[in-house]
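Given the coordinates of chain A, work out where chain B should sit on it, guided by the hints.
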Amino acid sequence: MIGQTLKALGAALAGKEISSVELTQLHLDRIARLNPELNAFITVDAEKSLKQARAADARIAAGTAAPLTGIPIAQKDIFCAKDWLTTCGSRILGNFVSPYDAAVIEKFGAAGAVNLGKTNMDEFAMGSSNETSYFGQVKNPWDRARVPGGSSGGSAAAVASLMAPAATGTDTGGSIRQPAALCNLTGLKPTYGVVSRWGMIAFASSLDQAGPMTRTAEDAALMLNVMAGFDARDSTSLERPVEDYTRDLSANGSEKPLQGLKVGLPKEFFGSGEQAGCEAGVMTAVQEAIAEYRRLGAETVEISLPNMQHGVAAYYVIAPAEASSNLSRFDGVRYGYRAPEYSDLNDMYQKTRAQGFGDEVKRRVLIGTYVLSHGYYDAYYLQAQRIRRLIAQDFVEAFRQCDVIMGPTSPCTAFGLGEKSADPVQMYLSDIYTIAVNLAGLPGMSLPCGFSNGLPVGLQLIGDYFSEARLLNVAHRYQQTTGWHLQVAAE
Amino acid sequence: MNIWEVVIGIETHAQLATHSKIFSGASTAFGADPNTQACAVDLALPGVLPVLNRGAVECAIRFGLAIGAEVAQKSVFARKNYFYPDLPKGYQISQFELPVVVGGQLAIQVGDTEKIVNLTRAHLEEDAGKSLHEDFHGKSGIDLNRAGTPLLEIVTEPDMCSAAEAVAYAKALHALVRWIGICDGNMQEGSFRCDANVSVRRPGQPLGTRREIKNLNSFRFMQQAIDYEIQWQIAEIEDGRAIQQATVLFDPDTGETRMMRSKEDAHDYRYFPDPDLLPLIISPEWIERTRSAMPELPAAKKQRFIADYGLSAYDAAALTSSLEVADFYEAAVAIAGKQSAKPCANWVMVDLAARLNKEGLELSGSPVSAAQLGGLLARVADNTISNNIAKKVFDALWAGDGGDGAGAADVIIEKQGLKQITDSSAIEALIDEVLAANAAMVAEFKAGKEKAFNALVGQAMKATKGKANPQQVNELLKKKLA
Chain A
0 MIGQTLKALG AALAGKEISS VELTQLHLDR IARLNPELNA FITVDAEKSL
50 KQARAADARI AAGTAAPLTG IPIAQKDIFC AKDWLTTCGS RILGNFVSPY
100 DAAVIEKFGA AGAVNLGKTN MDEFAMGSSN ETSYFGQVKN PWDRARVPGG
150 SSGGSAAAVA SLMAPAATGT DTGGSIRQPA ALCNLTGLKP TYGVVSRWGM
200 IAFASSLDQA GPMTRTAEDA ALMLNVMAGF DARDSTSLER PVEDYTRDLS
250 ANGSEKPLQG LKVGLPKEFF GSGEQAGCEA GVMTAVQEAI AEYRRLGAET
300 VEISLPNMQH GVAAYYVIAP AEASSNLSRF DGVRYGYRAP EYSDLNDMYQ
350 KTRAQGFGDE VKRRVLIGTY VLSHGYYDAY YLQAQRIRRL IAQDFVEAFR
400 QCDVIMGPTS PCTAFGLGEK SADPVQMYLS DIYTIAVNLA GLPGMSLPCG
450 FSNGLPVGLQ LIGDYFSEAR LLNVAHRYQQ TTGWHLQVAA E
Chain B
0 MNIWEVVIGI ETHAQLATHS KIFSGASTAF GADPNTQACA VDLALPGVLP
50 VLNRGAVECA IRFGLAIGAE VAQKSVFARK NYFYPDLPKG YQISQFELPV
100 VVGGQLAIQV GDTEKIVNLT RAHLEEDAGK SLHEDFHGKS GIDLNRAGTP
150 LLEIVTEPDM CSAAEAVAYA KALHALVRWI GICDGNMQEG SFRCDANVSV
200 RRPGQPLGTR REIKNLNSFR FMQQAIDYEI QWQIAEIEDG RAIQQATVLF
250 DPDTGETRMM RSKEDAHDYR YFPDPDLLPL IISPEWIERT RSAMPELPAA
300 KKQRFIADYG LSAYDAAALT SSLEVADFYE AAVAIAGKQS AKPCANWVMV
350 DLAARLNKEG LELSGSPVSA AQLGGLLARV ADNTISNNIA KKVFDALWAG
400 DGGDGAGAAD VIIEKQGLKQ ITDSSAIEAL IDEVLAANAA MVAEFKAGKE
450 KAFNALVGQA MKATKGKANP QQVNELLKKK LA
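Residue numbers (numbering that gives the first Met the number 0), protein chains in the order written: chain A, 0 to 490; chain B, 0 to 481.
Just chain A, same shape as in the assembly (with noise of 0.2 Å):
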């Protein structure tokens, strides 16, 4: 029952081949034999998913089980979980436990899924190599002196490693798809909006954004289906109609199932000057994959999104600012890490602060408060606002002549444990073509397209407003036909 899809699993359950508990233990025992090395989890408590397991077995049996019930999901650890430790990857909430549900945990409660564990991830979600992680860093499946990427590199190598069958990340520059990239997953980001944030920790809130990691773009429309929906307690949650995101994926039996579908091509993400900096093997295996998309009946335009290379400036403008703000919170007062010994108020906020956050969530906060101070507001924070809803034009006339836009996820393939953390520039490039997505709010998703010595390569699809639908078909229609996706990193 290891490595099986969601869809898989479910049959299983459903056909009682397997019970909840026993598939949880059999997880709970992967976990425990590749976690030490992967450390992929900050928390494991078996007794809280056995217990969630026999529930679900409880309702399996009185027929009223959900299509996710019973099955283990990894969370990652920014989502507040009742009576679970939620630490966010920092020491300053390492003894924090939530005494509430987010709304994605209460969603994937009510869908009778087992919380497995939390998954390790950069601090506060800063970062983009999960190095920046107060309990250690998590190494790569493919290859384990190699990160597994970030924010969300516990939820990417817990399911890469098969100790998940499907994981929850959070996605504010990258952090979903660039993981997805570097460990061989379908990862996605959906419209801004569309998943409640209530009870997920902030980091820069007008892109935070969770979605699905998981091994099959079908896999991933099950899991959207659990976590979109309209929640009163997130007033930049969107009312819409309930969309069931698989109703596009069941077979159509033409050879070319995507004939008409127009693909658009950044030139500034293929051109010959543009393209510096992306590996070149990465290049060639999304180049390949777009062939195949020609194959599947797709025509491909080339677009212009003229605006997107200052995308990443903009982003370390807009999500510091946001992040200084939303991190204040953590002062010591009410929960989480107070310093042992201050003299005074001050001494207290700042003893415990500065013991409580590692270097890049200090770098962040200061680079937030200084594009916030009197005097550099406008220079900074005004002008970033300007060039995010220039950004965001470009993608609107990017979908008057396209219906999905593709190209590389990240423009390397796993990096070395080590190798950029001592560059937070070189860092923050890693997420070059995924930052501006985020900026406009528009859904995206990493797909596996391909490997580059021996290292997985991430395809990735952008997407109008509200077409994750699309996306989802887009990828299957694509999974059908490769095998990528299933390529599994040796243990």
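Don't read these hints as lab results, they were simulated from the structure. Using N, Cα and C, we set each Cβ at its ideal position, and we do this for glycine too. One or more of the hints may lead you astray.
Listed next, with one range per pair, are the computed distances between beta-carbon atoms [claimed, not checked]:
1. K81/A / G24/B: 16 to 24 Å
2. P202/B / Q354/A: 52 to 60 Å
3. A378/A / Q243/B: 27 to 35 Å
If the Cβ cut is set under 7 Å, some of the chain B residues that face chain A in the computed set are [stated by the list, open to error]:
4. G46
5. R78
6. D267
7. F271
8. P274
9. D275
10. P278
Same frame as chain A, but now just chain B:
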């Protein structure tokens, strides 16, 4: 001696009378045990998000309409960032560049002059919690019950030029927010608190440097604090010292203001639009719906009282000082009849007010209802009783005699036999008796002593225990003595 001009602007925090908080569902009731009315949002747990309470917006719209301001179609919530233990998120959600209410005016009355105070803006924001420094053995306690309570911060232009004007403004604003039902106005509980920005200058000079007196929670303290501050600033300048911009606190025990923080210590609040909240969009329909549910405003009511009831501007202003007084007055007049509008005004403002004051009661706790007072004054109007007897009946009403409703006075008049004697023959017979018994006074009057006439009237009234119609007594007596 130098002539100084005083310039004052006021910022007021009015706590809005919503049942729940501005961004969470927790109760806003005052006085609960510490931290029992703070939910996950108020505690700023990781991952929580704010959702705007439409009731608070409704209050802001009402206020905007009441002062003739522009209610912004689009306003934006912003984060004001600073660290303090009773500020759980490390920022306060407020409005900065785009407030919900822009402009507006409020008329104030200082002595005989009316003055218009221009308002700059009013914006919605959340209150912080409270730090408690006593009873914790050297530590501080935090109570977050108040955190997230909705506030409307109301800012004036620097239009006031004396403590008296500032207090008149604060009182007029206090009356208005209660009138339109958006704030209970309880100053002891902190529901209505003012900051005064005070500066002085010589006439014709640019504005002086201001100092802000924080958290004035009584009109008396406001008067004292501003007066002290003005004198202090003038003395400083006259001694050759420049005023430094600062925030000060008023100490009621010493009657002085003292510095809390200087401009150098001022925070950079790093305001930016709150990404957790969408811009607040107020449709014209929402504004119109609110307008149609608004009570008649004090200024309009005052004009109507002058026109409909023939009241003086002074009386009309006094009777529209609060909605409660105005409603009481109108309810009494409705029963007494319009011809009693003026006596009714006097009764409400003088007799009733004095009695309430003496007994330490508010109008809402008056033992005499508007209907009872109206019923009483109707009997004065139709000459059933005199105004003097009316005072007696009023005392009986106060004591709870006569039952409820407009008929209470009638019951008392009947029971105590207070009905005025208007039968001329009866009064004539009575007068004859009085004249016979007081021959000496009659002689004095005839000798030209006018005072003796009044004494004879008094004797006649005494003989009827005050029930004779005094006017009739007067006329008949004159006739007999002629």
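A quick look at each hint next to the structure:
no. : hint                        : in the structure
1   : K81/A / G24/B: 16 to 24 Å   : 18 Å, holds
2   : P202/B / Q354/A: 52 to 60 Å : 58 Å, holds
3   : A378/A / Q243/B: 27 to 35 Å : 30 Å, holds
4   : G46                         : 4 Å, holds
5   : R78                         : 5 Å, holds
6   : D267                        : 5 Å, holds
7   : F271                        : 5 Å, holds
8   : P274                        : 4 Å, holds
9   : D275                        : 5 Å, holds
10  : P278                        : 11 Å, violated
Comparing the model with each numbered hint stated earlier shows that hint 10 is the single one that does not hold.
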